[in-house]
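Novice: So you can see what is in the structure, the chains are spelled out below.
Number of protein chains: 2
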Amino acid sequence: MALDTIETPFGRRDDAVGGAGTYAGLAASILAPVRLVGVVGDDFPRAAMDDLASRGVDLAGVETIPGGKSFRWGGVYRFDMNTRDTLFTELNVFADFNPQIPADWRETPFVFLANIQPQLQLSVLDQVAGALFVVADTMNFWIEGEREALDALLARIDLLVINDAELRQLSGEHNLALGARKVLAMGPRFLVVKKGEYGAALVWEGGHFTLPALPLPDVVDPTGAGDSFAGGLIGMLAWLDDTGEDALRAALAAGTATASLCVQDFGVEALKRLTTAEVCDRYEALRAMTLFPPCPLIES
Amino acid sequence: MALDTIETPFGRRDDAVGGAGTYAGLAASILAPVRLVGVVGDDFPRAAMDDLASRGVDLAGVETIPGGKSFRWGGVYRFDMNTRDTLFTELNVFADFNPQIPADWRETPFVFLANIQPQLQLSVLDQVAGALFVVADTMNFWIEGEREALDALLARIDLLVINDAELRQLSGEHNLALGARKVLAMGPRFLVVKKGEYGAALVWEGGHFTLPALPLPDVVDPTGAGDSFAGGLIGMLAWLDDTGEDALRAALAAGTATASLCVQDFGVEALKRLTTAEVCDRYEALRAMTLFPPCPLIES
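For the record, the sequence lines run as chains A and B. First residue of the first sequence: 1, per the numbering used here; consecutive thereafter. First residue of the second sequence: 1001, per the numbering used here; consecutive thereafter.
Hints are not guaranteed to be accurate.
What the hints assert, rightly or not - With a Cα cut of at most 27 Å, we get these calculated BS3-like pairs of lysine-lysine:
(1) LYS195/A / LYS182/A
(2) LYS195/A / LYS1182/B
(3) LYS1272/B / LYS182/A
(4) LYS69/A / LYS195/A
(5) LYS1272/B / LYS1195/B
(6) LYS195/A / LYS1195/B
Note that these hints are calculated values from the structure, not bench results.
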């Protein structure tokens, strides 16, 4: 949970409410009851907590440090929106974060471990031993500097969500198909590879599924795209209460739909007013973009 | 029609039979009767002509220049197979090529104008006034140097096939969705954008369709991928005798399937033994990779 200062070609926001947990929690909340774990300072806006609570997000796992300052990040997106420069990162209360999961959350069935030190992700996992399906995110920083803990994590999760550059880094393979096989051999049963404007792919032992991104003429702020994608994905799995191949395909489409809505406004604005009807419309737009008839030559 | 000297990390071929017409003609020949227009010297192997004829390709439009040398191209593919260096280009008999279409080919319904000077593509179009659907390819060289003729061509064709870099160059837009709209405004009713390992997209006024590439662990020689794609595409349109949206979606899948088979052997080797069953298998593999259930939230 963070306060972000964001500048894009379309405007600027100072100390906007953000953070992976906030984005993913809001995104998932329209599909399933959400339990949020995080840490904030007492500068974190009360209104933002109320927004989360009003979406049914249980905040019993959010620790508020009296006198502490919330994590802050500042960045600028260039004109093509594909690259961003980080201007500052202040860990603040995040520096000493040691996630404590409420005892009665131990059996939480669907768990999303947002991007954080893999040691902390492992600590959370220890505290939700009753989880049925665990999705984890990570980043280049941990792939490079915390490989041992990350390897321990990969052996214990069901699905890893990373982008194509991270996949190349983690696997040491340029070819994404070969790299994906290597990552599956590290532990997770499923891998989701995010490819930016080219969409996302789901890979598992027996095959794979690819999904394009929705072409959006009006991307305003890409912040939170990956976390709202993960939130929509795990939200759909929880909604379906199913982790079979078809459920995962639907979950990837729900995540893509959710992320496409998120980036059309600043920060969490679009997610605060998100509806299942909106997600469903985008989901069906994806189907219309990808459907084609069975091979006409089968009968010939 | 050309003789190609190709070097890839997997081997080398000298004076291998190739050229856009040969690749596209062989690819389409399993789906529809093909009429081929081109020029060769008398060094072009008789066996290659026989291979084409045995696939039902009508060679009445192929001119053989006595004492002439066929067009020759030589190139090296680097290890990642995505970039190639041209070592030499000898136009030879191609330098004075002036396509003459047999008079009784005037009503040919489906026409593919492979990449060549747009003036010559226009001349071919004048000679097939009865065409129902015209597909054209082009390249960066003509976009830069022959814009006037290319614009005249774009106003007269139904579908343009280009890659993403060419789309950016032709439209002056970095964003592919915006660029595609601009190109449609130049004339063609449909645009196919080839995005290499990321697949291809079909764009028209009312919407668009995207298709991933098949992940191939064993790409041996990418030469002819674009032309076998175009051949499979127009072959499917002719087979269906339909140019509606669904037919075009099927055609894009057939083109992708055909190209994936082409690149798994050197030159035209895979295309010489191509079957509809092989194309259909790959086509269905693409469907399995892209299908996902209707939005589960519709009922909620």
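Novice: Hints first: check each against the structure and report whether it holds.
Specialist: Okay, the hints, checked on the actual structure:
For the hint linking LYS195/A to LYS182/A, the alpha-carbon distance of about 18 Å falls within 27 Å, and the restraint holds. With a C-alpha separation of about 25 Å, the suggested pairing of LYS195/A with LYS1182/B holds against the 27 Å cut-off. Among the hinted pairs, LYS1272/B with LYS182/A is inconsistent with the structure: their alpha-carbon atoms are about 35 Å apart, more than 27 Å. Restraint check for LYS69/A and LYS195/A: the C-alpha separation of about 34 Å exceeds 27 Å, so the hint is violated.
Between LYS1272/B and LYS1195/B the alpha-carbon distance is near 26 Å, which keeps this suggested pair within the 27 Å criterion. Of the supplied pair hints, the one linking LYS195/A and LYS1195/B holds, its CA atoms being roughly 13 Å apart against a limit of 27 Å.
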